[in-house]
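Participant: Single-letter residue listing:
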Amino acid sequence: MTFQTHTGNRGLVLEEKLIFEQGEAGRSGVDLPDPEPVKSRMGGLERDSDIGLPGLSEPQVVRHFTRLSQKNFGIDSGFFPLGSCTMKHNPRLNEKIARLPGIADLHPMQPESTVQGALELIDQCAHWLLVLTGMPAVAMSPASGAQGELCGMMAIRAALDARGENRRRVLVPESAHGTNPATAAACGFTVDSIPATADGRVDLAAFEAKLGDDVAGIMLTNPNTCGLFERDVRKIADLVHAAGGYFYCDGANFNAIVGRVRPADLGIDAMHINLHKTFSTPHGGGGPGSGPVVFSDALAPFAPIPYVVKTENGFHLVETADEKDGKKPFGRLKGFHGQMGMFVRALSYMKSHGADGLRQASGDAVLNANYLLARLKTKLSVAYPGYCMHEALFDDDFLKGTGVSTLDLAKAIIDEGFHPMTMYFPLVVHGALLIEPTETETKESIDQFCDAVLSLVAKAEAGDSEFFKNAPYLTPRRRLDETAAARKPVLRWTPANA
Amino acid sequence: MAKKFSKEHEWLEINGDVATVGITDHAQQALGDIVYVELPEVGKKLAKDGDAAVVESVKAASDVYAPVDGEIVEANEELDANPALVNESPENDGWFFKIKMSDASQLDDLMDEAGYKAFVEGLED
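First to last, the sequence lines map onto chains A and B.
Read the first sequence against the UniProt record's numbering and you will find it ends at 498, with the numbers running on by one and no gaps.
Read the second sequence against the UniProt record's numbering and you will find it ends at 125, with the numbers running on by one and no gaps.
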């Protein structure tokens, strides 16, 4: 190693072969007696070749998977400021509750009388979401943010069909998550994008000009993906309603406003809530997502089955509903009850924080982002003026003339021991760097990140672009050939001697 | 005949009532290494600004729009096997499709080479 990183952090240098490359024929972790001869009933279809499992001792297996886990970088390992992803700490209390035998050992097909507590838990989780959003109804079953969007837009489609109206145009701001236009298109709508103003919000005049009797609704993220609160959101809601459309809100950034703004007061008709972002359930490969959707009165009848109700005889999971119940569910999105394990964790988070704690968490998330913004804008160019909400957004203007790109800078940030921020998104910002520290981080960890980034920017300004072009230096693998991986993907491992 | 250019960074080479369409050198540079191109089917009728093709790079997937009304008469099958042609020869061998124009007057809305160059320089400020 020919240089020192700013933090003194080192990348993970352990080299690890594939488990199939480590095996040796005949080696085994267990010593089992030879099986008794059996008469095959496979009618000659039994396999006659080796199944190709590697021969490994138990410590080899343990070390292999331990080393692989050490190569993984997650929120449990360090600072993970991936913008619009809300990579917050998953409190261990959540995990303790989720592992209680009475919860962990449940089966979704158990008789209802034996799972009353679990149904009550879903009902309570739903209740918290309704109180926090001020909305009258919620569908708990969607299994991700994207499925939540699908749920909301299918409800809008069902409501329009019930009105007998063939409205097919959905307005989506340019800075939206890519899933928004994709969802609208998947539901048979056409997407019409709304330009942004110079300060990163929806251009109200352009939006108003696009309204018409063919508009099904608007899909808006608030706070938006520029980390800014849409200050005209009430007006947008009134205008889209006056034009006969619905207001879908992408709730991916709900973490910035929990306990401070009730989506119902903004005129929203449907909004998904990422339990795996806002309510701390694990995500990013650590656990399934969960995207419950809250609905206004206008859309509530179209919410999907199943849902939990409280009756005289206890809690009941409603699996079919129709007009005699005052419902017109558009169908079912997910098997069984939804992501039960995530409801447990989210409710643990909500109840352990309490209303005051949730309100403080959103405040701390916004404070952390603004602290980071204030420190970094001394060197980095902000995309939009003013304070931000939960994430700070920069463009690549500060790199102009250095020969260093946003990507190069991100690679160097890895060497400093941080997961890079979201890059090149939102698309409306050139070379974007979107940084969301969340309330998880201490001032010390944010300072360490800012010091590292500022030192890298100084290095770029000093003209050392070669250093950046070759970063990262300390990772198990350096820059991967993404082009070859996409053009000539190798999707299956084959032994070297095959 | 000289080339025409759109604000969506497409070039058109006009031959009678047929225009050969591709993306500009500036566009391929901005996109980075192209890994996939989805081309329109021959016979497909497109309106100006309608989705004609999709181009995917290691950085992003982008739509390519029909710069004029018309019908697709040929697509560059070479790009299926070798999308890198778009990087190597964006304004020549890396063409996307040929469209039979139904309204040649729409060409008047497009830029000439000098106009496009000024347009790109304006974007970089």
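Errors might be hidden in some of the hints.
Stated by the list, open to error - Derived DSS-like pairs: lysine-lysine, alpha-carbon spacing no greater than 27 Å straight-line:
(1) A/K210 x B/K100
(2) A/K400 x A/K71
(3) B/K3 x B/K100
(4) A/K469 x B/K59
(5) B/K59 x A/K459
(6) A/K310 x A/K379
(7) B/K59 x A/K379
(8) B/K117 x B/K7
(9) A/K334 x A/K324
(10) B/K45 x A/K400
(11) B/K59 x B/K117
(12) A/K71 x A/K96
(13) A/K400 x A/K324
(14) B/K45 x A/K210
(15) A/K210 x B/K48
(16) B/K48 x B/K3
(17) B/K59 x B/K100
(18) A/K71 x B/K59
(19) B/K98 x B/K7
(20) B/K59 x A/K488
(21) B/K117 x B/K3
(22) B/K100 x B/K7
(23) B/K45 x B/K7
(24) B/K44 x B/K100
(25) A/K400 x B/K44
(26) A/K351 x A/K379
(27) B/K117 x A/K400
(28) B/K44 x B/K117
(29) A/K310 x A/K334
(30) A/K379 x A/K488
(31) A/K400 x A/K459
(32) B/K44 x B/K7
(33) B/K7 x B/K48
To be verified - The following label-pair restraints were derived from C-beta to C-beta distances:
(34) A/K235 x B/V54: 29 to 39 Å
(35) A/P195 x B/V54: 36 to 46 Å
(36) A/A242 x B/E71: 38 to 48 Å
(37) B/V54 x A/R492: 40 to 50 Å
(38) B/E8 x A/G178: 12 to 22 Å
Calculated from the structure, these hints are not laboratory results.
C-beta: ideal position from N, C-alpha, C; glycine also.
Participant: A separate judgement is required for each hint: does it hold in the structure or not?
Facilitator: Each hint, compared with the structure:
{"no.": "1", "hint": "A/K210 x B/K100", "result": "31 Å, violated"}
{"no.": "2", "hint": "A/K400 x A/K71", "result": "34 Å, violated"}
{"no.": "3", "hint": "B/K3 x B/K100", "result": "16 Å, holds"}
{"no.": "4", "hint": "A/K469 x B/K59", "result": "17 Å, holds"}
{"no.": "5", "hint": "B/K59 x A/K459", "result": "25 Å, holds"}
{"no.": "6", "hint": "A/K310 x A/K379", "result": "57 Å, violated"}
{"no.": "7", "hint": "B/K59 x A/K379", "result": "26 Å, holds"}
{"no.": "8", "hint": "B/K117 x B/K7", "result": "11 Å, holds"}
{"no.": "9", "hint": "A/K334 x A/K324", "result": "24 Å, holds"}
{"no.": "10", "hint": "B/K45 x A/K400", "result": "43 Å, violated"}
{"no.": "11", "hint": "B/K59 x B/K117", "result": "24 Å, holds"}
{"no.": "12", "hint": "A/K71 x A/K96", "result": "25 Å, holds"}
{"no.": "13", "hint": "A/K400 x A/K324", "result": "64 Å, violated"}
{"no.": "14", "hint": "B/K45 x A/K210", "result": "26 Å, holds"}
{"no.": "15", "hint": "A/K210 x B/K48", "result": "19 Å, holds"}
{"no.": "16", "hint": "B/K48 x B/K3", "result": "18 Å, holds"}
{"no.": "17", "hint": "B/K59 x B/K100", "result": "31 Å, violated"}
{"no.": "18", "hint": "A/K71 x B/K59", "result": "25 Å, holds"}
{"no.": "19", "hint": "B/K98 x B/K7", "result": "19 Å, holds"}
{"no.": "20", "hint": "B/K59 x A/K488", "result": "16 Å, holds"}
{"no.": "21", "hint": "B/K117 x B/K3", "result": "12 Å, holds"}
{"no.": "22", "hint": "B/K100 x B/K7", "result": "20 Å, holds"}
{"no.": "23", "hint": "B/K45 x B/K7", "result": "21 Å, holds"}
{"no.": "24", "hint": "B/K44 x B/K100", "result": "10 Å, holds"}
{"no.": "25", "hint": "A/K400 x B/K44", "result": "43 Å, violated"}
{"no.": "26", "hint": "A/K351 x A/K379", "result": "41 Å, violated"}
{"no.": "27", "hint": "B/K117 x A/K400", "result": "20 Å, holds"}
{"no.": "28", "hint": "B/K44 x B/K117", "result": "31 Å, violated"}
{"no.": "29", "hint": "A/K310 x A/K334", "result": "21 Å, holds"}
{"no.": "30", "hint": "A/K379 x A/K488", "result": "40 Å, violated"}
{"no.": "31", "hint": "A/K400 x A/K459", "result": "14 Å, holds"}
{"no.": "32", "hint": "B/K44 x B/K7", "result": "23 Å, holds"}
{"no.": "33", "hint": "B/K7 x B/K48", "result": "13 Å, holds"}
{"no.": "34", "hint": "A/K235 x B/V54: 29 to 39 Å", "result": "35 Å, holds"}
{"no.": "35", "hint": "A/P195 x B/V54: 36 to 46 Å", "result": "22 Å, violated"}
{"no.": "36", "hint": "A/A242 x B/E71: 38 to 48 Å", "result": "41 Å, holds"}
{"no.": "37", "hint": "B/V54 x A/R492: 40 to 50 Å", "result": "27 Å, violated"}
{"no.": "38", "hint": "B/E8 x A/G178: 12 to 22 Å", "result": "19 Å, holds"}
Checked against the numbered hints given earlier, the structure breaks hints 1, 2, 6, 10, 13, 17, 25, 26, 28, 30, 35 and 37 and satisfies all the rest.
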